[in-house]
Structure formats: C-alpha cells, structure tokens
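K.L.:
Residue numbers (the working numbering), protein chains in the order written: chain A, 1 to 119; chain B, 1 to 250; chain C, 1 to 173.
To be clear, the hints were calculated from the coordinates, so they are not data collected in a lab.
Nothing here was measured: the structure is a model prediction, and the numbers come from that model.
Keep in mind that the hints are not guaranteed to be accurate.
So the derived list for chain A, only partly shown, Cβ under 7 Å to chain C, looks like this [as the list claims (entries may be wrong)]: (1) Phe21; (2) Lys39; (3) Arg112; (4) Ser113; (5) Arg116.
All residues carry an ideal CB built from backbone N, CA and C; glycine is no exception.
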Amino acid sequence: MKLFDRVIIADEDHLLRRVPFRNPNFIKPDGRITSFAFKPKKGEDGLSVDVERLTDYKASILNPEYFQLYFIIAGFASELELDCIHSPLEENYAHALIVGNFTNSICSELARSAQRFHS
Amino acid sequence: MNRLPRAPLQEVIFEIRWKLETDPSTGQMIDKHFELAGGRLQDLTKAEFPFYNRKIPGFIPFQQFPYQIIHQFWKGNGLWPVIQLGPGIYTVNDTDKNYEWNKTYLPLIKKGIEWLYQSYSDPLEINACSLRYIDSVKVKEHSFTGNWSEFIYKNLKIKIENNFKTTGKQEHLQMHQTFLLDNGNDFSLSINDANDAKTGETVLVWQTVVIHKVKINKEHLIDWVREAHKTTSDLFKEMAKGDFYDSFSK
Amino acid sequence: MTALANRVIIGNEPEIVPSGYGLPDNFGQIFRYGKPSAFFSCDTSSNFLVYSSRMVLPDNSRNFIGRILSFKDLPENWDGYGAAKANKNAVSNAIDFIHKIAVYDNPIYFVAPGPNGEILIELKNEERSVEIYFSDDESDEVILIGNGKTVFEGSVSKDFNKIISFISIGEIV
Numbered sequence: 001m002k003l004f005d006r007v008i009i010a011d012e013d014h015l016l017r018r019v020p021f022r023n024p025n026f027i028k029p030d031g032r033i034t035s036f037a038f039k040p041k042k043g044e045d046g047l048s049v050d051v052e053r054l055t056d057y058k059a060s061i062l063n064p065e066y067f068q069l070y071f072i073i074a075g076f077a078s079e080l081e082l083d084c085i086h087s088p089l090e091e092n093y094a095h096a097l098i099v100g101n102f103t104n105s106i107c108s109e110l111a112r113s114a115q116r117f118h119s
Numbered sequence: 001m002n003r004l005p006r007a008p009l010q011e012v013i014f015e016i017r018w019k020l021e022t023d024p025s026t027g028q029m030i031d032k033h034f035e036l037a038g039g040r041l042q043d044l045t046k047a048e049f050p051f052y053n054r055k056i057p058g059f060i061p062f063q064q065f066p067y068q069i070i071h072q073f074w075k076g077n078g079l080w081p082v083i084q085l086g087p088g089i090y091t092v093n094d095t096d097k098n099y100e101w102n103k104t105y106l107p108l109i110k111k112g113i114e115w116l117y118q119s120y121s122d123p124l125e126i127n128a129c130s131l132r133y134i135d136s137v138k139v140k141e142h143s144f145t146g147n148w149s150e151f152i153y154k155n156l157k158i159k160i161e162n163n164f165k166t167t168g169k170q171e172h173l174q175m176h177q178t179f180l181l182d183n184g185n186d187f188s189l190s191i192n193d194a195n196d197a198k199t200g201e202t203v204l205v206w207q208t209v210v211i212h213k214v215k216i217n218k219e220h221l222i223d224w225v226r227e228a229h230k231t232t233s234d235l236f237k238e239m240a241k242g243d244f245y246d247s248f249s250k
Numbered sequence: 001m002t003a004l005a006n007r008v009i010i011g012n013e014p015e016i017v018p019s020g021y022g023l024p025d026n027f028g029q030i031f032r033y034g035k036p037s038a039f040f041s042c043d044t045s046s047n048f049l050v051y052s053s054r055m056v057l058p059d060n061s062r063n064f065i066g067r068i069l070s071f072k073d074l075p076e077n078w079d080g081y082g083a084a085k086a087n088k089n090a091v092s093n094a095i096d097f098i099h100k101i102a103v104y105d106n107p108i109y110f111v112a113p114g115p116n117g118e119i120l121i122e123l124k125n126e127e128r129s130v131e132i133y134f135s136d137d138e139s140d141e142v143i144l145i146g147n148g149k150t151v152f153e154g155s156v157s158k159d160f161n162k163i164i165s166f167i168s169i170g171e172i173v
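Isolated chain A, as found in the complex (with noise of 0.2 Å):
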C-alpha cells in the first residue's frame, strides 16, 4: 500500500492503543484502564493509535510481555470532538492520530470507554 493511500476512519473502526500493565501498570485493579493510556505527548501531533483492520494483534502490540491491546469506537472520540486521522507512517500502515484538546477528563472518558482487545 502506498502511503499517501489514505482511508477515512469510519465511526465504527475500532481504534487500537497500547498499554502497559508491568511497572507502569496501566490497568487498575477492576480492569479499567487509566486515562493516561489515552494522553498523549506534550509537543505530539495527537494520540497516536492503530486502526485495528489495518492491522493485526501482533503488529500493534509490539511486545505481549509488555503492553496488552484496547481500543475505542472511532465514533466515540468524534463525540468527544476529536478527530480521527489516518496518518500512516513508514513503519506502520495502520498508524492513525486522533487529534483535539486532550484535557484529563476527556482522556478519563476515552479510558473508560476502552475494551480489551484479544489476540
């Protein structure tokens, strides 16, 4: 696929993202997760994530021993008012950015909304 072959993201692609849950561990002891899975970087376009049917498990966990795989619902971060971008890179076809004003209670919303995502 070239890069420049961009896809729109649907309100119902599901959006994948990392988290970690050795030290740090991002999952709480109920199985939510925390909102800093969802913050992104100062100085970073937005937050990047994976849009799951680009991808496969493998490829966007990058190490199991490590990260464990949620997503949210495209259409949720758009309610939200943040917008979801296919941005491939080089690396990584599936790579996408939503992009907004990622202040900590939208961050907490998008965490509690995530679900795991299964090998």
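Chain A is already provided as a structure; the job is to place chains B and C on it using the hints.
P.N.:
Coordinates of chains B and C only, in the frame set by chain A:
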C-alpha cells in the same frame, strides 16, 4: 531582637483555650456560641484576612472537634499569617517570612485577641494559653556527620549519652523535656529528626513552648505573651549560641 | 515528642491539612498520628506538619508512595509512545497528597505516571472515584466521577474538602 536573615523559624503559634460546657445528654464538650462567633470573626477579619478555609470538611459536625481548628482566615491564598478558630480554641500563626516580634507578630496577637472577644457575645473563660515556636534546619547545611547526639550537642547544647553498649548505629532521635518555670508557667522543649517531604533531605526540628495552664483574664494576656516571648527568645539564643546562631545571621 | 508529631513540609507553604485526634468511633481512626501531649494537643493548631522518619503511615499509603517513587526511575519511552520519566515536582506533590489524605481513612486505589511526567492518584469507593492529576508544572487537577460520569472538576488546593466529602459520603460539600 533584630530579624535574623536565615532564621530557622518555621511557624510561631499563639494559642488560647477556653472552658467549654458539657452537654448533659451526650457528655460532649460544646462551645455554645461557636457558630455565631465564626461568622462574626469572618466579618471582623475579612479586610485583612480575606481568604477563608474550613479545615475540617463541612459534612462532619464541628461539635465533634472540641479544641480543634475548624475555621482558618488567611492573609491570602497561600499567604501567611493565619487566624484560626475552633470550639474552645483560637490561634494566631505566622512564619519567618513576616515575623518580627514587635513590628508584626505582637501587634497581630493584640488585634487577634480583640477580634476574638468581639466575636463571642458571652465572656470567655480562658483556662490555658501558649506560645510555641517551631524551628528547623537542614542538617547538611550544618556539617551533620550522621551522629544525632553529637549534632544536637554541638548546636543546641543538649547532651544525650547512652552509657550502655548499643547494639547498632543510632538512626533517629526524639526527645521531649518539660520544665516548671519560676513564674508558674510550663516550658516544653521537643527535638526530633525528620525528612523534608519535597526533597527527602534530613532535617532537625525543635519546638519550644511556654504554656499557661490556669485561668487568665483578657487583660493579662498581652503581658503574659510578652513574658513568654522573652523566655523563648532568651532560650533560643542561649541554646544556639555560637556558630549555629551565627549561621542564621549570614 | 509533643502531639505536633509526625508530618513536616519544610518550607513555608501553608498546608491546609487537618490534624489532631479524638474523633468519635463512628469515624474510625481518621486521625492516626501523634498522641496527646502532656499539655496540649498542639498539633491541631499548627499548619506546619512534620514528616517524621518514624511516621506510621498505613501500609496502603506507604506502598503507593514507594510505587510513585519508582516512577522516577522509568526509562525514557516506557510506554512505547515516547513517554517521559516522572517529574520530580509531580512526584513530590503526589506524595504530599498521600500524606494529607492518609488521615481520612480513604485508601489510595491506584497510581500511575503520565507521558509528560505527570502523576495520577485515584481514590475509589463503590461507584465513586476521584482522579487527582499532578503535573510537571506544579499544577494539579481533580476529577470526581460518579457512576462512570464526570460530576465535578477542580483543584486539590481549592477543593480538598470536596474530595473528602465525595469519596466518603458521595456528596460534594
């Protein structure tokens, strides 16, 4: 006493306590006029102490806290000094940033006493008062070698000696002495090591308190606190005399 | 040691933290620290609280303090997305908060580092939770969540009592 540029003072507290009534049905100590007094005190202090904080969350009834601080009236958000009120207790607190006994703190105590008495409609039966100084230094700034007994002896002239074979290296030290003064007041001296929560640095904390444990009239409070201040001030200079005291002037 | 006992924040920041003892039993051991002095419970009137080396924090608090301190040693990019190590100001403020909250018998539920050096502390009680964020720039933020919905946003310094009332009894006072 001239202001020391690097004084170890962390907080000074002038505290008054008064007799509370006992609720015959519950046996609880109560300050009947506390609610109204709090409102009046806020009115009286608001021009100079506009920032209010309630120290105990509002959903817990204040009468559960005899002799504990409920209301705080600060100079500003994050700004000292602070006037505090609880059932049966009233304090005037300040820190080294503003503290000059004659220029700032004693005048504030005088004003504070007037505010207290204006806040309560019935006369208060003051049955105790105290003047407390909390001092602290970072030990690494004073050539601490790890030996607390040696450090305290060198800097505060208090000798603590174990005349038995201790089984390990001394790690911490805490001591408390009380003295009965000739004027009938009690004097309390406490020393302990601690850690700065922000930096983890080891510090030495010492507190000197002059306490009056019997009834005292409003008219005598200022004379009392002047005398208490002289006691603590003289003692501080005496204890810290030498390089330690000199270090506070640099 | 007089009742002023055991928690110090060196530096003249006012610390609006309750202290003291003597609550009735139905509040449990809300105030654990210090004991009555021979003369006064003077700890009630001081705002300068000492972190003594012998301070007996609850195990829960100590465990989470240890965990927060460990975040300072995380490698760069610990989350696989370029995260930075925990910021020392955020760590320090988070630990201060744990000391403050310890007296209220609301155990810490969860802590985590953020990608920009922040620290999160979470309290939880049934369907209520409180998320407290400590940033690298020394600011903080509080989010109160009830039944999965955000009900209040504020700051630790202004809304400390709201944190306590919400997590304890479900009311924002």
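K.L.:
Work down the list of hints and note, for each, if the structure agrees.
P.N.:
Going through the hints against the structure:
The criterion of a C-beta within 7 Å of any C-beta in chain C is not met by phenylalanine 21 of chain A, whose closest approach is roughly 11 Å, and the hint is violated. With a least beta-carbon distance of about 5 Å to chain C, the hint placing lysine 39 of chain A at the interface is held under the 7 Å criterion. For arginine 112 of chain A, the interface hint holds, the least distance from its beta-carbon to any beta-carbon of chain C being 6 Å, beneath 7 Å. Residue-level restraint check for serine 113 of chain A is violated (minimum Cβ-Cβ distance to chain C is 9 Å; threshold 7 Å).
Violation of the interface hint for arginine 116 of chain A is found here, the shortest Cβ-Cβ separation to chain C being roughly 17 Å, above the 7 Å cut-off.
Checked against the numbered hints above, the structure violates hints 1, 4 and 5; every other hint is satisfied.
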